[in-house]
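Using our numbering, the letters of the sequence shown correspond one by one to residues 1178 to 1476.
Rather than coming from a laboratory, the hints here were simulated on the basis of the structure. Don't take each hint at face value.
Label pairs and their calculated CB-CB ranges [stated by the list, open to error]:
no., residue 1, residue 2, range
1, T1217, G1449, 51 to 57 Å
2, Q1407, A1470, 23 to 29 Å
3, A1251, V1188, 22 to 28 Å
4, K1312, D1232, 47 to 53 Å
From a predicted model like this one, the values you see are computed outputs, not experimental measurements. Heads up, the beta-carbon is just placed ideally off N, CA and C, and yes, glycines get one too.
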Amino acid sequence: EKDEHDNGWTVLHTAAFHGFHRIVRVLLHYEADMASLDETEWTPFYYAVAEGHFDAVRIFVEHAKQEIKESLLAGLIGTPYTPMQLAIINGHYEIVEYLLNNRVKLTQVTETGDTCLHLACKSNDVKLFNLIFRKDTDALDKRNRSGQSPLHYAATHDCDSVADELIKKRANLELQDYKKRTPLFIAVQFSSAKTLELLLSKGASVHTVDRLLKTCVSRAVEKSSFEVFQILLNHILDNFQHLLNQGDDNRYTPLHTAAENGKIEMVKVLLGSEGINTVARDYKKRTALHLAARRGHLE
1178 EKDEHDNGWT
1188 VLHTAAFHGF
1198 HRIVRVLLHY
1208 EADMASLDET
1218 EWTPFYYAVA
1228 EGHFDAVRIF
1238 VEHAKQEIKE
1248 SLLAGLIGTP
1258 YTPMQLAIIN
1268 GHYEIVEYLL
1278 NNRVKLTQVT
1288 ETGDTCLHLA
1298 CKSNDVKLFN
1308 LIFRKDTDAL
1318 DKRNRSGQSP
1328 LHYAATHDCD
1338 SVADELIKKR
1348 ANLELQDYKK
1358 RTPLFIAVQF
1368 SSAKTLELLL
1378 SKGASVHTVD
1388 RLLKTCVSRA
1398 VEKSSFEVFQ
1408 ILLNHILDNF
1418 QHLLNQGDDN
1428 RYTPLHTAAE
1438 NGKIEMVKVL
1448 LGSEGINTVA
1458 RDYKKRTALH
1468 LAARRGHLE
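Please take these sequences and the hints and turn them into a complete structure.
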């Protein structure tokens, strides 16, 4: 029976969640309903997978009748995630390997269009990544519904080891998402310092602009930590100094953005950079000084 005071959990849900595999075995022997859904539409099996309880997962698979087994493994019951996706998201290598050995396919995508390889790039687990990649090499540059590739995801989460694996496998460094952001842009936006350094060392372009015509330098000023800003700026100063004065669709230069947002340390660094244009004007003819004053940034 379900416990109405505990999110609709059955005893089997509780045993599966806590990994009490011996109790799971007994309950299944007495034909407890492994397809029962709680209030979040999760089966007991999904909890065992998500929590990484390998013995309980194995018992569920071994005791399931063929029809139920196929539905559970394929993710046709309950939660929008498949068991394989849950195992990857939570980094449970042993369970992923077990599911693959039970012929679970990697072809299903999430509601946002993420492949299993996308999900494997949210953590820096190279072993798990390679396990997935060996089974689905075609997913290397696949894009989800936001237009992002697995390398975009590695950049988002600063998974530099996984990003390095992707690059070794010839992932496209310049693939743009639907906001025209490359993985380097994403690394800048999410302050992913290690991945940014990797991408720069592998020759990722700093010349692309996003859909608002912002350069990676402007995005660094707007979104990044000072560490990431410094990494990018050092690379720019050595090679592409002109980017310091390039404006976006509002003709904001990086100095405009830093001044408007009160990024005093970034302003100091930019002002000390050779070739910086301190009197560049935006589309309303305002300099960086105008914007700082308008925002009350007296520093």
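| Hints the structure fails to honour | 4
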